[in-house]
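Using the UniProt record's numbering, the letters of the sequence shown map in sequence onto residues 1 to 753.
Among the hints, a few may not be true.
Restraint ranges, calculated between C-beta atoms of paired labels, are given here [what the hints assert, rightly or not]:
no., residue 1, residue 2, range
1, Glu173, Asp414, 54 to 60 Å
2, Asp414, Lys343, 35 to 41 Å
3, Lys392, Glu176, 55 to 61 Å
4, Lys100, Ser402, 52 to 58 Å
5, Gly72, Val152, 52 to 58 Å
6, Tyr625, Lys343, 23 to 29 Å
Result set (EDC-like, lysine to aspartate or glutamate): computed pairs, CA atoms no more than 16 Å apart in a straight line [to be verified]:
no., residue 1, residue 2
7, Lys198, Asp213
8, Lys709, Glu553
9, Lys709, Asp400
10, Lys702, Glu605
11, Lys255, Asp309
12, Lys694, Asp412
13, Lys280, Glu176
14, Lys554, Glu10
15, Lys554, Glu6
16, Lys554, Glu12
17, Lys453, Glu545
18, Lys100, Asp113
19, Lys685, Glu601
20, Lys658, Asp642
21, Lys694, Asp414
22, Lys443, Glu553
23, Lys355, Asp309
24, Lys255, Asp412
25, Lys443, Asp14
26, Lys422, Glu387
27, Lys450, Glu12
28, Lys554, Asp14
29, Lys249, Glu291
30, Lys538, Glu688
31, Lys516, Asp659
32, Lys554, Glu688
It should be emphasised that the hints constitute simulated quantities derived from the structure, not laboratory data. Ideal placement from N, C-alpha and C gives every residue a C-beta, glycine not left out.
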Amino acid sequence: LGLDMEELEEIEEDAGLGNGGLGRLAACFLDSMATLGLAAYGYGIRYEYGIFNQKIRDGWQVEEADDWLRHGNPWEKARPEYMLPVHFYGRVEHTATGTKWVDTQVVLALPYDTPVPGYMNNTVNTMRLWSARAPNDFNLRDFNVGDYVQAVLDRNLAENISRVLYPNDNFFEGKELRLKQEYFVVAATLQDIIRRFKASKFGSTDSVRAVFDSFPDQVAIQLNDTHPAMAIPELMRIFVDIEKLPWNKAWDITKQTFAYTNHTVLPEALERWPVDLMEKLLPRHLQIIYEINQRHLDHIASLFPNDVDRLRRMSLIEEGGTKRINMAHLCIVGSHAVNGVAKIHSEIVKTQVFKDFAALEPEKFQNKTNGITPRRWLLLCNPGLAELIAEKIGEDYVRDLSQLTKLHEFVDDDLFIREVAKVKQVRGAGRAPPALTQENKVKFALYLEKEYKVKINPSSMFDVHVKRIHEYKRQLMNCLHVITMYNRIRRDPAKLFVPRTVIIGGKAAPGYHMAKMIIKLINAVAQVVNNDPVVGSKLRVIFLENYRVSLAEKVIPATDLSEQISTAGTEASGTGNMKFMLNGALTIGTMDGANVEMAEEAGEENLFIFGMRVEDVTELDRKGYNAQEYYDQLPELKQAIDQIKSGFFSPKEPDLFKDVVNMLFHHDRFKLFADYEAYVKCQEKVSELYLNSKAWTKMVIKNIAAAGKFSSDRTIKEYARDIWHVEPSDLKIPPPNEPRDAAEDKTPNGTAA
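Kindly generate the complete structure, drawing on both the sequences and the hints.
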């Protein structure tokens with residue numbers, strides 16, 4: 001057709017239907033489940049507006065609506081034949097025939113299906129996203145006041161449920177619309193699952209008094225954090241109120257069906273819904289939650305008589321002030337398996353956050369270290385490196401990433417070292433290749449020059465920190481290092497300095513004041529650094545606007561140094577860290593999240609590990625963190641902070657950053673100053689190694705060779721075997737054009753997950 005594929009890819013909008021790692025993880029998991037031949041469905045909401053587009057105006061973040069469906073979405077297929085009702089509000093009636101939820105408002109859930117193809121195995125799974133629709137008699141049936149036009153306009157109220165994604169990452173905002181969204185996706189999905197279960201079992205979807213005994217053998221539901229926690233009381237409501245199962249049987253089936261993945265330990269991120277909101281919106285569910293809690297507490301009391309404090313700690317209902325429902329507690333009690341997403345995180349979940357629950361049922365708690373799909377995060381985004389690896393070890397590694405260990409044989413192969421350096425294009429790697437196979441850094445440098453009108457030196461070290469902006473991720477500490485480098489260059493302009501391009505990017509939640517101030521500060525520092533003639537091309541600072549998946553695919557393959565510098569014990573896993581490792585970047589990081597396992601796989605000497613460990617943070621909390629001490633003892637830290645405080649970076653508004661400085665001294669939960677010195681010293685080691693292109697590239701190869709563990713295929717195999725009890729299959733099912741009977745013996749048994 002004379003169309004250019006790359007040009008088409010550039011035009012297509014990202015489906016930005018998640019906030020950060022959580023949504024992207026789900027996408028990697030769908031890819032792996034299809035590639036492993038699992039009969040799996042991904043369920044979610046078809047938001048009309050996804051994560052906002054970020055514009056930087058005068059250094060500040062400005063949000064714009066993400067109208068991603070403006071030109072239509074060719075990959076989805078609406079399925080009105082599977083539309084389902086979802087109920088809200090109303091009241092509960094206790095009748096002779098059982099409990100009824102009546103006088104509810106109905107919203108319809110319209111499913112849209114998107115195909116999820118496995119890698120070269122002819123398997124195509126489904127992602128089903130629900131869109132909210134008002135019923136046609138909405139506001140017209142109950143009491144017709146004659147304002148027909150207003151009634152039709154009011155349909156928007158129902159349809160607002162799937163209008164927009166809440167843009168908070170690692171933060172709970174207890175809004176009624178958000179709870180509606182959470183129940184909406186859960187209620188539609190469970191009806192869909194039960195309809196499919198009944199059809200497979202009885203060949204019809206009539207309410208034959210189903211024998212639900214086999215339900216957990218046919219269905220496994222994984223709760224991606226607590227956001228779908230309402231599935232637990234909803235399934236109980238269906239079993240008890242509608243299918244008339246006895247409570248104990250219903251509860252047993254429910255527990256065997258659900259498993260819960262915890263994704264964060266930050267207290268402000270834990271969902272705690274006010275009881276009065278739940279009572280108004282979902283009165284029957286509140287009753288069921290109370291009943292679950294009563295039986296749960298009775299059990300605890302029988303094991304620990306007179307331990308009222310334990311009952312208080314373990315209750316699903318938090319008393320004191322406004323009564324709230326602790327959704328994580330609901331998930332733990334209602335699931336047969338609970339997991340964290342990296343070894344260190346799962347330990348913290350067991351020994352700190354949910355220690356009472358782990359003491360009660362230790363066998364329930366597991367670890368499933370996160371992973372990434374090598375199809376998107378190597379083959380698609382870095383074809384040059386993928387091809388180079390295939391030349392050495394064959395193409396099978398794409399489906400079995402553990403085969404990357406074979407690259408260890410080539411760590412000392414001079415030709416391979418040169419070729420790896422050339423794909424990235426590091427210093428001293430020879431002349432830039434022809435434009436056709438433009439190497440990653442050169443290509444990205446040209447992109448930056450086009451988008452940001454700044455001249456980038458492609459042989460400088462690309463030092464990249466991209467992720468959601470959050471205090472715990474410590475973009476501020478990176479910023480302090482940038483200021484420190486700047487001051488060193490100015491102090492001694494003649495001294496050898498390893499040139500760097502520091503790239504920081506990510507979105508801040510619109511209501512997160514401190515995160516937005518951090519973005520402004522980074523841009524203010526960039527303004528000064530990039531326009532100082534003394535600095536020249538030695539140091540460049542760029543804030544990468546509107547960081548998203550499609551931009552990650554460009555920046556990650558071009559990165560030399562990956563910044564993973566959260567305070568130990570705060571980043572559950574991280575997955576960007578894995579993407580950088582697989583794409584030939586070296587990591588500077590703390591012993592947090594999956595960094596710990598990356599160091600374990602590659603050898604700690606092949607990562608730039610610095611700073612406090614979890615134990616050190618605990619000890620510092622015990623003795624009390626005093627920021628002032630560090631400020632007084634570290635002259636370079638003092639200089640940097642004084643510059644921020646005095647308005648050196650904001651001359652027109654000298655006290656612009658007073659909130660940031662005040663936070664750093666008086667309520668910095670993430671202890672930046674305590675790790676500053678170790679971070680700066682570690683960065684000096686990074687610069688030193690970068691001067692030796694060959695030694696640097698050898699370390700890169702060792703990292704790539706050790707990245708195999710971090711495939712989401714490995715993660716999903718562990719979920720499948722340890723939690724869902726299904727067997728992955730690497731059989732290629734026959735293509736549709738092959739006669740079925742000829743292929744019968746090749747067809748794997750499908751089990752629903």
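Structure-based check of all given hints:
Here the CB-CB span from Glu173 to Asp414 is close to 55 Å, well matched to the stated 54 to 60 Å. Range check, Asp414 to Lys343: Cβ separation about 36 Å, and the 35 to 41 Å hint holds. Taking 55 to 61 Å as the suggested C-beta distance range, the pair Lys392 and Glu176 conforms, at roughly 56 Å. For the pair Lys100 and Ser402, the beta carbons lie near 54 Å from each other, so the given range of 52 to 58 Å is met.
Checked against the given bound of 52 to 58 Å, the beta carbons of Gly72 and Val152, roughly 25 Å apart, lie outside it. Taking the beta carbon of each, Tyr625 and Lys343 are about 26 Å apart, inside 23 to 29 Å as hinted. As the CA atoms of Lys198 and Asp213 are separated by approximately 12 Å, the hinted pair is consistent with the 16 Å bound. About 21 Å separates the Cα atoms of Lys709 and Glu553, which puts this hinted pair outside 16 Å; it is violated.
Taken as a hint, the Lys709 and Asp400 pair is honoured in the structure, with Cα atoms around 10 Å apart against an allowance of 16 Å. Using a Cα cut-off of 16 Å, the hinted pair Lys702 and Glu605 holds, with the two alpha carbons roughly 11 Å apart. With a CA separation close to 26 Å, the supplied pair Lys255 and Asp309 exceeds the 16 Å bound. Our distance criterion of 16 Å between C-alpha atoms is met by Lys694 and Asp412, whose separation comes to about 10 Å.
Distance hint between Lys280 and Glu176 is fulfilled; the C-alpha atoms sit about 10 Å from each other, no more than 16 Å. Annotation: proposed proximity of Lys554 to Glu10 holds, straight-line Cα distance about 11 Å (limit 16 Å). Only pairs whose Cα atoms come within 16 Å are accepted, and Lys554 paired with Glu6 is accepted, the gap being roughly 12 Å. Under the criterion of a C-alpha separation no larger than 16 Å, the hint pairing Lys554 with Glu12 is consistent with the structure, at around 15 Å.
Our distance criterion of 16 Å between C-alpha atoms is met by Lys453 and Glu545, whose separation comes to about 13 Å. Under the criterion of a C-alpha separation no larger than 16 Å, the hint pairing Lys100 with Asp113 is inconsistent with the structure, at around 32 Å. Taken as a hint, the Lys685 and Glu601 pair is broken in the structure, with Cα atoms around 21 Å apart against an allowance of 16 Å. Using a Cα cut-off of 16 Å, the hinted pair Lys658 and Asp642 holds, with the two alpha carbons roughly 11 Å apart.
For the hint pairing Lys694 with Asp414, the CA-to-CA distance comes to about 9 Å; that is within 16 Å, so the pair holds. With a C-alpha separation of about 12 Å, the suggested pairing of Lys443 with Glu553 holds against the 16 Å cut-off. About 14 Å separates the Cα atoms of Lys355 and Asp309, which keeps this hinted pair within 16 Å; it holds. Between the alpha carbons of Lys255 and Asp412 the distance comes to roughly 53 Å, so the proposed pair goes past 16 Å and is violated.
Our distance criterion of 16 Å between C-alpha atoms is broken by Lys443 and Asp14, whose separation comes to about 21 Å. Our distance criterion of 16 Å between C-alpha atoms is met by Lys422 and Glu387, whose separation comes to about 13 Å. Straight-line distance between C-alpha atoms of Lys450 and Glu12 comes to about 19 Å, which puts the hinted pair past the 16 Å bound. For the suggested pair Lys554 and Asp14, the alpha carbons sit about 14 Å apart, so the restraint of at most 16 Å is met.
At roughly 14 Å between alpha-carbon atoms, Lys249 and Glu291 fall within 16 Å of each other, so this suggested pair holds. Simply put, Lys538 and Glu688 have alpha-carbon atoms about 15 Å apart, close enough for the 16 Å limit, and the pair holds. Between Lys516 and Asp659, the direct Cα distance comes to roughly 11 Å. Compliance with the 16 Å bound is thereby established for this hinted pair. Annotation: proposed proximity of Lys554 to Glu688 is violated, straight-line Cα distance about 26 Å (limit 16 Å).
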